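Student: Here is what each chain is made of, one letter per residue.
Number of protein chains: 2
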Amino acid sequence: MHRPLAHDDPTTALLALILAGGRLAPRRRLLIDCGDAVSALAAGRARWQAAGLDRRQCQALLAPDADALAHARQWLAASPQHRLISLVDDAFPALLAHAPEPPLGLFVAGDADLLWQPMVAIVGSRSATPSGQAIAGNLARQLCARQLCVASGLAAGIDAAAHRASLQVAGNSVAVVGTGLDRCYPAGHRHMQDQLVQHGAVISEYAPGTPPRAGNFPARNRLLAGLSLAVIVVEAAQRSGAMITARLASEAGREVFAVPGSPLNPLSRGCNRLLRDGAGLLESIDDLLPTLPPLLRLLGTSLPGQALDPASADTLPPVLVSGPVLDETEQRQVWQALDLIGVDLDELGQRSGLTVARLSAILLDLELAGWALQTHGRWQRAPTPPSTTASIDAG
Amino acid sequence: MHRPLAHDDPTTALLALILAGGRLAPRRRLLIDCGDAVSALAAGRARWQAAGLDRRQCQALLAPDADALAHARQWLAASPQHRLISLVDDAFPALLAHAPEPPLGLFVAGDADLLWQPMVAIVGSRSATPSGQAIAGNLARQLCARQLCVASGLAAGIDAAAHRASLQVAGNSVAVVGTGLDRCYPAGHRHMQDQLVQHGAVISEYAPGTPPRAGNFPARNRLLAGLSLAVIVVEAAQRSGAMITARLASEAGREVFAVPGSPLNPLSRGCNRLLRDGAGLLESIDDLLPTLPPLLRLLGTSLPGQALDPASADTLPPVLVSGPVLDETEQRQVWQALDLIGVDLDELGQRSGLTVARLSAILLDLELAGWALQTHGRWQRAPTPPSTTASIDAG
Numbered sequence: 001m002h003r004p005l006a007h008d009d010p011t012t013a014l015l016a017l018i019l020a021g022g023r024l025a026p027r028r029r030l031l032i033d034c035g036d037a038v039s040a041l042a043a044g045r046a047r048w049q050a051a052g053l054d055r056r057q058c059q060a061l062l063a064p065d066a067d068a069l070a071h072a073r074q075w076l077a078a079s080p081q082h083r084l085i086s087l088v089d090d091a092f093p094a095l096l097a098h099a100p101e102p103p104l105g106l107f108v109a110g111d112a113d114l115l116w117q118p119m120v121a122i123v124g125s126r127s128a129t130p131s132g133q134a135i136a137g138n139l140a141r142q143l144c145a146r147q148l149c150v151a152s153g154l155a156a157g158i159d160a161a162a163h164r165a166s167l168q169v170a171g172n173s174v175a176v177v178g179t180g181l182d183r184c185y186p187a188g189h190r191h192m193q194d195q196l197v198q199h200g201a202v203i204s205e206y207a208p209g210t211p212p213r214a215g216n217f218p219a220r221n222r223l224l225a226g227l228s229l230a231v232i233v234v235e236a237a238q239r240s241g242a243m244i245t246a247r248l249a250s251e252a253g254r255e256v257f258a259v260p261g262s263p264l265n266p267l268s269r270g271c272n273r274l275l276r277d278g279a280g281l282l283e284s285i286d287d288l289l290p291t292l293p294p295l296l297r298l299l300g301t302s303l304p305g306q307a308l309d310p311a312s313a314d315t316l317p318p319v320l321v322s323g324p325v326l327d328e329t330e331q332r333q334v335w336q337a338l339d340l341i342g343v344d345l346d347e348l349g350q351r352s353g354l355t356v357a358r359l360s361a362i363l364l365d366l367e368l369a370g371w372a373l374q375t376h377g378r379w380q381r382a383p384t385p386p387s388t389t390a391s392i393d394a395g
Numbered sequence: 396m397h398r399p400l401a402h403d404d405p406t407t408a409l410l411a412l413i414l415a416g417g418r419l420a421p422r423r424r425l426l427i428d429c430g431d432a433v434s435a436l437a438a439g440r441a442r443w444q445a446a447g448l449d450r451r452q453c454q455a456l457l458a459p460d461a462d463a464l465a466h467a468r469q470w471l472a473a474s475p476q477h478r479l480i481s482l483v484d485d486a487f488p489a490l491l492a493h494a495p496e497p498p499l500g501l502f503v504a505g506d507a508d509l510l511w512q513p514m515v516a517i518v519g520s521r522s523a524t525p526s527g528q529a530i531a532g533n534l535a536r537q538l539c540a541r542q543l544c545v546a547s548g549l550a551a552g553i554d555a556a557a558h559r560a561s562l563q564v565a566g567n568s569v570a571v572v573g574t575g576l577d578r579c580y581p582a583g584h585r586h587m588q589d590q591l592v593q594h595g596a597v598i599s600e601y602a603p604g605t606p607p608r609a610g611n612f613p614a615r616n617r618l619l620a621g622l623s624l625a626v627i628v629v630e631a632a633q634r635s636g637a638m639i640t641a642r643l644a645s646e647a648g649r650e651v652f653a654v655p656g657s658p659l660n661p662l663s664r665g666c667n668r669l670l671r672d673g674a675g676l677l678e679s680i681d682d683l684l685p686t687l688p689p690l691l692r693l694l695g696t697s698l699p700g701q702a703l704d705p706a707s708a709d710t711l712p713p714v715l716v717s718g719p720v721l722d723e724t725e726q727r728q729v730w731q732a733l734d735l736i737g738v739d740l741d742e743l744g745q746r747s748g749l750t751v752a753r754l755s756a757i758l759l760d761l762e763l764a765g766w767a768l769q770t771h772g773r774w775q776r777a778p779t780p781p782s783t784t785a786s787i788d789a790g
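Going down the list, the protein sequences come from chains A and B.
If you're matching positions, the first sequence starts at 1 in this note's numbering and goes up one per residue.
If you're matching positions, the second sequence starts at 396 in this note's numbering and goes up one per residue.
By construction, these hints were calculated from the structure, which means they are not laboratory data.
One or more of the hints may lead you astray.
[What the hints assert, rightly or not] Restraint ranges, calculated between C-beta atoms of paired labels, are given here:
(1) B:Thr-686 to A:Pro-130: 27 to 37 Å
(2) A:Ser-127 to B:Thr-686: 31 to 41 Å
(3) A:Val-169 to B:Pro-661: 19 to 29 Å
(4) B:Pro-661 to A:Leu-368: 23 to 33 Å
(5) B:Ala-540 to A:Gln-168: 42 to 52 Å
(6) B:Gln-563 to A:Gly-215: 43 to 53 Å
(7) A:Gln-168 to B:Pro-661: 23 to 33 Å
Owing to the predicted nature of the structure, the values given are computational and were not obtained by experimental measurement.
Every residue gets a Cβ at the ideal spot worked out from N, C-alpha and C, and that includes glycine.
So here's chain A without its partners, still in its complex pose (with noise of 0.2 Å):
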């Protein structure tokens, strides 16, 4: 008789889980009832069959695919940028855990951080028009210019054309991929990838090693959606991965918007036909801007933590009607120099005119009294200030 495998260590028990496969959703439930990984493993076959794991499953936990674990440990040593975020770590983005369907954890290599940032997916044909890349580069750079990080699925076509504009500006950008980190698909796209490792992030759900395979793209797809406040799919054919990518978003409760197209493109079929169920029509990103605060309160309420309250998800954060009254000059020059999505001291220092040491007794006295919040280093206007009349207590 085998006993189960005792994993101390959380890593390794979290890639013996995800490497185990078959259906996600047993493995899940079991990681979420146990708490972690170790104890998930720890739990033993009566435990695991009772959260729904077949024999394959329970075999592979017992007796872990060696090589594999040992590939994907020997990956995630081999740089400070690369991870593994477990969907039980507070680390892990909390649209992403909210969505259905979250995976086990996500391998990231690049910038973490940028996954508790707004992001916004651009997604579309791998076949696009050079006018449908032309818009997803102009839209990825207005995303970018707005300090909203672009999300794709590094694919040919309309997403590549995303990424690529958001790298130009030196924007944030995220490419969701649904081959193991130390692939790449397509292999033309290596140099890409590396950039955005660099400037960005690439993040899987498949363990290191995993080669591309045909049906692990509409998985991909549900992460993107997740991940995101909002899928904007531009050009796209009737049946296609945006157009699976923007139904997985709308029963996410994300915002879905099309780019109208005319009707002697056939890539606009897919637009024009999700115009018609009711997404959003978008020519630029001011068409989407509006629509983004409920979900940034959504994205705010459920940091680390905090409980998250759909009920409060619907309601337009009262900061947007009007600002806060201020009776501290400086308060008042970084209250307007924060926005609705988390910015960095640098900029703020730049937007306010104030020094970094200054910013940031400023910044604590407004999120003591809950004017302000910050995120991973960055801040922003809290979604739900006290009262828009009341004056802080500078104290």
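Guided by the hints, dock chain B onto chain A, whose structure is given.
Tutor: Below, chain B without anything else, positioned relative to chain A:
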């Protein structure tokens, strides 16, 4: 003191009313209140003033412009295809009569019966792209294939493409113009106008001799909207005549459709704006057909001599749900050949395989039983057949 001219001739009287110019509403009130133009002119100054006519208009009725009157009469006499149809005449198209701000009369060159046929307007930019013109042409051909009449404004760009395509497939097309029918604007469209007179109709509310005036073109748009069951906008700038036509159509309770276009095409702005504002997204005529039956019913129930029932215009005729049960094979054949829009006997003969004599007899039976109706020589299914389960008394 002048005394009212004793115009015994209804045409002369109506021309005098039209040529009086100035505000339209008081003259229309006078015409409708008095029942016809002869009575309106005979009514005298006190009645004219009570209807709201100003001093200048009263003066013009007392002493009409003899030259303009003679010119208009001369034009009307020049061809049997030239007509002037009074608003209070049974031949005046019902849809336009029930739209806001109908004109006092319609000058028609060509086939006046076409004004009673179901009509769809195709409008758009004068500086349309080749793609836009191709789309307008495709849509016009699709409308003609469904035996719907194509209405437009004889302008350059989209209008011309729609008229041209209709003429090419020998379909029905009506041009609504903003000048007298002895003029042509733009001058280069003289040949197209002649073709439309010969194979369709060209109409105007302005008396022969009226030159192109910028102020008359928005008014022309309201006629186009009022005559049509639906308006399709293909490529339009945000501020343009086509957008005005769309607004007027919407105000008249007509369906408004817009063809989506790329954000990179400045002439898509207007269309995409309309889509945001709730216009139907149209890629082909199939998108429009399901919306027509309620309006066809409006056309059907407002035949001369019948009262319009606005309440009934909002429900779909039951005939769309299920056809009637006929116990005679030939009746069934004819019923199946009939459409919800008018079809002529030749076409019905081809569809049913019956001789015209036999067809006429059966159509008469169907008409008497309330299953079919005839308007201006074209047959169609009655919008509200007596019952979808009863059989017809063939007697």
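Student: If a hint holds in the structure, say so; if it does not, say that too.
Tutor: Hints, verified against the model:
| no. | hint | result |
| --- | --- | --- |
| 1 | B:Thr-686 to A:Pro-130: 27 to 37 Å | holds (35 Å) |
| 2 | A:Ser-127 to B:Thr-686: 31 to 41 Å | holds (34 Å) |
| 3 | A:Val-169 to B:Pro-661: 19 to 29 Å | holds (24 Å) |
| 4 | B:Pro-661 to A:Leu-368: 23 to 33 Å | violated (50 Å) |
| 5 | B:Ala-540 to A:Gln-168: 42 to 52 Å | holds (48 Å) |
| 6 | B:Gln-563 to A:Gly-215: 43 to 53 Å | holds (51 Å) |
| 7 | A:Gln-168 to B:Pro-661: 23 to 33 Å | holds (25 Å) |
This entry does not satisfy hint 4, going by the numbered hints stated previously; all others are met.
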